[in-house]
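Trainee: Spelled out, the chains give:
There are 4 protein chains.
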Amino acid sequence: MLGTGLIGMFYTKTLHNQRGKDRVHTVYSRNEEKAKQFAKEWEIPGWTTDMREAINDPETDIVVIGLPNNLHKQAVEMAAEAGKAILCTKPLARNAEEAKEMLDIVEKAGVFNAYLEDLVFPPKTLKSLESVERGELGKILWVRSRETHGGPHSDWFWDIDQAGGGAIIDLGCHCIEIARNFIGKSIKPVEVMCWADTQVHPIDAEDHAIGLVRYENGAIGQFEVSWTFRGGMDLRDEVAGTDGTIWINHFLRTGFEMFTAGGKTGYVAEKAESDSGWLFPVGDEVHELGYVNMFKNIFNALDNEETPMESFYDGYVINEIIDACYRSAGSKQWKPIKLQEWRGESKVEGPGKSSEVDEKYLLIKKERMPDGKTKLIMKEKTSGKIVEKILTQSK
Amino acid sequence: MLGTGLIGMFYTKTLHNQRGKDRVHTVYSRNEEKAKQFAKEWEIPGWTTDMREAINDPETDIVVIGLPNNLHKQAVEMAAEAGKAILCTKPLARNAEEAKEMLDIVEKAGVFNAYLEDLVFPPKTLKSLESVERGELGKILWVRSRETHGGPHSDWFWDIDQAGGGAIIDLGCHCIEIARNFIGKSIKPVEVMCWADTQVHPIDAEDHAIGLVRYENGAIGQFEVSWTFRGGMDLRDEVAGTDGTIWINHFLRTGFEMFTAGGKTGYVAEKAESDSGWLFPVGDEVHELGYVNMFKNIFNALDNEETPMESFYDGYVINEIIDACYRSAGSKQWKPIKLQEWRGESKVEGPGKSSEVDEKYLLIKKERMPDGKTKLIMKEKTSGKIVEKILTQSK
Amino acid sequence: MLGTGLIGMFYTKTLHNQRGKDRVHTVYSRNEEKAKQFAKEWEIPGWTTDMREAINDPETDIVVIGLPNNLHKQAVEMAAEAGKAILCTKPLARNAEEAKEMLDIVEKAGVFNAYLEDLVFPPKTLKSLESVERGELGKILWVRSRETHGGPHSDWFWDIDQAGGGAIIDLGCHCIEIARNFIGKSIKPVEVMCWADTQVHPIDAEDHAIGLVRYENGAIGQFEVSWTFRGGMDLRDEVAGTDGTIWINHFLRTGFEMFTAGGKTGYVAEKAESDSGWLFPVGDEVHELGYVNMFKNIFNALDNEETPMESFYDGYVINEIIDACYRSAGSKQWKPIKLQEWRGESKVEGPGKSSEVDEKYLLIKKERMPDGKTKLIMKEKTSGKIVEKILTQSK
Amino acid sequence: MLGTGLIGMFYTKTLHNQRGKDRVHTVYSRNEEKAKQFAKEWEIPGWTTDMREAINDPETDIVVIGLPNNLHKQAVEMAAEAGKAILCTKPLARNAEEAKEMLDIVEKAGVFNAYLEDLVFPPKTLKSLESVERGELGKILWVRSRETHGGPHSDWFWDIDQAGGGAIIDLGCHCIEIARNFIGKSIKPVEVMCWADTQVHPIDAEDHAIGLVRYENGAIGQFEVSWTFRGGMDLRDEVAGTDGTIWINHFLRTGFEMFTAGGKTGYVAEKAESDSGWLFPVGDEVHELGYVNMFKNIFNALDNEETPMESFYDGYVINEIIDACYRSAGSKQWKPIKLQEWRGESKVEGPGKSSEVDEKYLLIKKERMPDGKTKLIMKEKTSGKIVEKILTQSK
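Protein chains in written order, with numbering that gives the first Met the number 0: chain X, 0 to 394; chain P, 0 to 394; chain D, 0 to 394; chain W, 0 to 394.
Careful: at least some of the hints might be erroneous.
Claimed, not checked - Derived list of chain D stretches under chain W, where covered just means 3 residues or more per stretch with a C-beta under 8 Å from a C-beta of chain W: (1) 29-36; (2) 152-165; (3) 190-197; (4) 212-222; (5) 238-246; (6) 328-340.
Claimed, not checked - Not the full set, but computed from the structure, chain X residues with beta-carbon under 7 Å of chain P: (7) G150; (8) W194; (9) L211; (10) R229; (11) Y360; (12) I376; (13) E387.
To be verified - Cut-off 20 Å, straight-line C-alpha distance, at most; resulting in silico cross-link-like pairs (PhoX-like, lysine-lysine): (14) X:K388 <-> P:K33; (15) D:K295 <-> P:K295; (16) W:K107 <-> D:K33; (17) X:K138 <-> X:K184; (18) P:K20 <-> D:K295.
These aren't lab readings, by the way, just hints derived from the structure by calculation.
Where a beta carbon is used, it is the ideal one built from N, C-alpha and C, also for glycine.
Just chain X, same shape as in the assembly (with noise of 0.2 Å):
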């Protein structure tokens, strides 16, 4: 495990409440207090403040990369060397050069890759994903994922040159890689529009962003992410098909309220503002927000000698769809997504337009209204003209 901050803590904690064999054997901090106290803490027999020492400890089969962003590839060349499977936590890398560096640093090696991006696992996702590969939201048209909250607990996130960016490079990168896992993983993603701000924090990255990711199916993506919300972690999901819809909340409102006067509260939720009046705590937050079925996908994987759901191509991908949004907020332009390489589908269409009502009539809208009769909205094929009918039986 490198890295002992709040994402290292939340992949330690799932590994270690479970009774499986899966457990952290050495810790790597740069601080050696801070390692020390982690290791003590989540019972990890090693630490130490030398990654490589961490590394190739003989112990470690998997390097569990939890670092900020700027010490991503360094990691990933250690652990490649040293034939390590590698878990890199999000997002990848700083851009999208770096990504394409650290992808090809890996597969080359030809070591076992997994990109940590717990947000496509939460249960309710990943039982969502199935309803929509039944069909049972037909195509997929539009996906809203949202994630913000008051911005991120270290130092490093808010600074530029560390992070790479702001609130997209943080949180933009789970919703890009939902909305990319409902619309269809296959599915092209090729222009970007982007709008970022910095409108709260004296800081030089954007703290409020909204972008569309186009596919080539027409399916838009569309992700909001801001370090200036208030309340909480708002984390919600919508996908809009054209049979159906998915609403996920996956922490402000599950159904879990709490009132109390307050004054013995401890610990509600990751990002909770208040500690009295209305809380709504998260049941078992490390399940909710998807780590347990990470892990498991993962390390299922590596015993079954598969891919993971989510590998280190994946968070190339992001890494370009990101870059693509960076240039679109800065030239108030959609901005083209620059593949280097694509392994998904080509030519992907998207819903077809017509639904015959009879030789002569396209149907546009079927419609009960209020008195209880059924209207048809129909456009004449020939013409163009639009009618509607009322059928005179009802339903």
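Since chain X is already given, all that's left is putting chains P, D and W on it; use the hints.
Mentor: Below, chains P, D and W without anything else, positioned relative to chain X:
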């Protein structure tokens, strides 16, 4: 009452279902049968197929325009000529040019004019606007307003010539004005970025669109409109400010839930898609959608010789924003909003970004960590360096 | 308007905040200052501290009683003598004996009488009652109605002599009548089981109680009332029928949610406990609580010489049920409801329990299993033996 | 694993779907085909139709009893004789007498025993229990636990001889123990009031029941159970304390909502009633229902030679409470709970009722009024008179 479609019905129902003095005296429809039936159903003394006759009727003090978009201007001309008070449904016109002409007509004639934007008048919205005015949310940074359903009821909406556009002109007009009210009607909207597509229906206009309207103070009004949504009518607003958040759900999740094994259900709610399983009716639909408060505001304004909350000028501003949306969608660029006349404030700035901790540091973030400790993330003023500090005393 | 407490304020606000013809002409309070101030605040022409004067005022057509419970009867006597229409707040009386006397007085005098039970008139409740009447829920089996908060606003509520009881008489009267409306006002309530305790407050009356009212057809009306609840006013109804379910939330979860860092918030909602953090305001409070529809129903009934939806007889029935509750709580047994006069139906049976599969079997349950198969659980008619059968074809 | 019904499936799924070391080694069913198929589906090495063989298998360390209620005792006898650790599903027995015998058997044999009450282990419940233990809700006054659906899956549940009762024995055992955990397992349950009826199904046992369990400190545990509910499985807990409130929804409203036009949907959730329209799936069903945490607690207890959170003694207490419920339902009176052995505390008092304002007055209520003023309602100690006082300064 000019028009006997769904909107004419909602307007009349609103007026006639109260113990008030405000009643419809005569109704006009192009179609004789519809005019007759509407008059009978709502106990309206007069009906006619001659618009001028309806307007010039000496019993008519107020002309309510509930006609297709392409007929608004003609009706306004006649009513202004007759010197009657004019209430025009949304959108004011098919485009900004037409809207400006209508604005000029009523202002030159000196007649009372109101723009029938019901969705800034729902009880929840009015109360939210009061909260925002009292400063409970701080400075408003972002507003999302969403209206999506399976498409409108009448044929003319689907015809781009009669309507002037698709989902943007039909639904975007609501969402744009909702955001404008929350951000502040005196703040100038300056530019627009918009995506629009025809994803599902065999029509020429857009059936799905998303837009961002940037205001002079940096605030963003985001609209999401669609005629492709499945599951009923999704009508939600989200407001984010520096000090707070508001989430309003007007339709599908209002604390009213019903499961029925089915077979006997009548009308559930506007645009509902099914009549068995879990259904989400709305309590008092015309009240929840703002009609009751809207007419109260307008009639009180008329009685007191004041300007109503929404006037033709507001309708014109909205049409200018919509025109910019279509230009943006066509050009794939942000486009300026070309207001010929601005009646609000100018040069309004956004929230400041600096909060001093002491002489040396600016505060970036203060956060309570899972272990109960408080962490400050700060920027050193001179170097710009970002540092963190753990406070030893809690809170 | 007799009374200037919270209820008098809500009644007056309801009437005066609409564009209606119905206004308060004179207000009575025992306290001169309160009478004056109330008249001024609500622009009421007259005020007095002499109840008889208010009632006999020739401008007074309707007497609205919003006084403490122990003063209802006296006011009814005076008003009946004066031949005025009488609207009395809830509960009708402190006990069934007093209620019966009041019923006899108004019926002997032949004056219009209405019982001001607002909570059967919320928009969601009225729409639900229509659904139930249309049979969408099948036969009603159970209704839960819950009203709990931190206790009433005025001193007299807490005094058992003036009020006649505690949370049951204050809040149970609402819940009992809500359930009665859903189950059917023509179905006879026959017996009651009630728990009541004084858990928190230093008073003689109960501050928490739960009761079950059994109706002749086997349906159960369950009420939960409390003056010990934390978090605001919890006002929910749940209705379960053989074919469906309704869940209504009138107050704390109505699709209106607000987070504020605090400091500037004014009035949130009746009985709200905090003004920062997550708050749950209500849109149009007097409408959501039924006041608007209640007065509309009553005034329309008065205009049309009909009986309003809730009359003194209903108030009397409720007082009889409450009396049985206190007897039950004291004796720890189910107690019969001693209606001196029953104006509804008799001998109404519950839903039948037999659904034939074929000559040999009755159906107990049909269910779709996780594997998609359908299972029947049946009872063999002759032997009473219970067997299951898996259908080979799905659905 | 003894038993291959729904519960056996849930238990096995829980154990096998994790990366843990805990696996089922052999499965027993009376029915050979079921045993074989279950073993195959869940990759269990052994299967048998001979219960003793399964228990005595040297690979078997732990016997998990997932059999119909009437077979629990026999299985416990065999397993205790074999000296194996025993985990028995809910309810422990058909009645208190049988439960006491089973408790005596395992305690005499000195074998590890755990009671498989999954519904005190859902993540939301465990977190809530921690909040209650930290005092965030003050003293617990009332708990409502509700489990209702359309009836169980297997035939034997519906047969009163095999099951020992109906909805109370099937579902009430959960709700009773949930309330007991919130109120405090060391607080003695003293008496019970219960209504039970057979409203819909052609069976001898109750299909709908409501009960109140009174604890020594005055707290009330309320259960609502039904096999007549429509709309899926309603699984909710509500906890009210002197300082706070908790509302948990485990199943139908957990922030996961889906609309589908239908036709393609598979399994939605346990007891779901439809597969189109608005559906409410559950994320990770076995986790949300507590199975994962339950087995973790038990196996950790076994490893550490501790008592698990729920043991046979708890199961016995619940059976005594249920017996009292049936006595109460039959006699229409509160009935005492006849615990033969009480292992908790005695003479625990409820929350005190006195809060002094000053020498003269006790505080009844402090409330913020709509006008922003604060009102005190107080009781004069000597006279008992109730008075109110408006504080001139706000807050």
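Trainee: Evaluate each hint against the coordinates.
Mentor: Each hint, compared with the structure:
With a cut-off of 8 Å between beta carbons, the segment 29-36 of chain D has 0 residues touching chain W; three or more are needed, and the interface restraint is violated. Counting residues of the segment 152-165 of chain D whose CB lies closer than 8 Å to any CB of chain W gives 6, so the stated coverage by that chain holds, three being the minimum. Interface restraint, the segment 190-197 of chain D with chain W: holds (4 residues with C-beta to C-beta distance below 8 Å; minimum three). Under the rule that three or more residues need a Cβ within less than 8 Å of chain W, the assignment of the segment 212-222 of chain D holds, with 4 such residues.
Closer than 8 Å: that is the beta-carbon criterion, and the segment 238-246 of chain D has 6 residues meeting it against chain W, so the requirement of 3 holds. Counting residues of the segment 328-340 of chain D whose C-beta lies closer than 8 Å to any C-beta of chain W gives 3; at least three are required, and the coverage claim holds. Against a cut-off of 7 Å between C-beta atoms, the interface hint on G150 (chain X) holds, since the closest Cβ of chain P lies about 5 Å away. Here the hint on W194 (chain X) is kept, as its CB sits about 5 Å from the closest CB of chain P, short of 7 Å.
Interface restraint check for L211 (chain X): the shortest CB-CB distance to chain P comes to about 5 Å, inside 7 Å, so the restraint holds. Against a cut-off of 7 Å between C-beta atoms, the interface hint on R229 (chain X) holds, since the closest Cβ of chain P lies about 5 Å away. Given hint, Y360 (chain X) at the interface with chain P, is violated; its Cβ is 10 Å from that chain's nearest Cβ, farther than 7 Å. Interface hint status for I376 (chain X): upheld, as the beta-carbon distance to the closest one in chain P is roughly 5 Å, under 7 Å.
Because the closest C-beta pair between E387 (chain X) and chain P is about 4 Å apart, less than 7 Å, the hint holds. Taken as a hint, the K388 (chain X) and K33 (chain P) pair is honoured in the structure, with Cα atoms around 15 Å apart against an allowance of 20 Å. Between K295 (chain D) and K295 (chain P) the CA atoms are separated by roughly 17 Å; this keeps the pair inside 20 Å, and the hint holds. At roughly 74 Å between alpha-carbon atoms, K107 (chain W) and K33 (chain D) are farther apart than 20 Å, so this suggested pair is violated.
Restraint check for K138 (chain X) and K184 (chain X): the C-alpha separation of about 14 Å stays at or below 20 Å, so the hint holds. In summary, the hint linking K20 (chain P) to K295 (chain D) is supported, as the alpha carbons are separated by about 14 Å, within the 20 Å threshold.
Hint compliance for this structure: hints 1, 11 and 16 are not met, and every other hint is.
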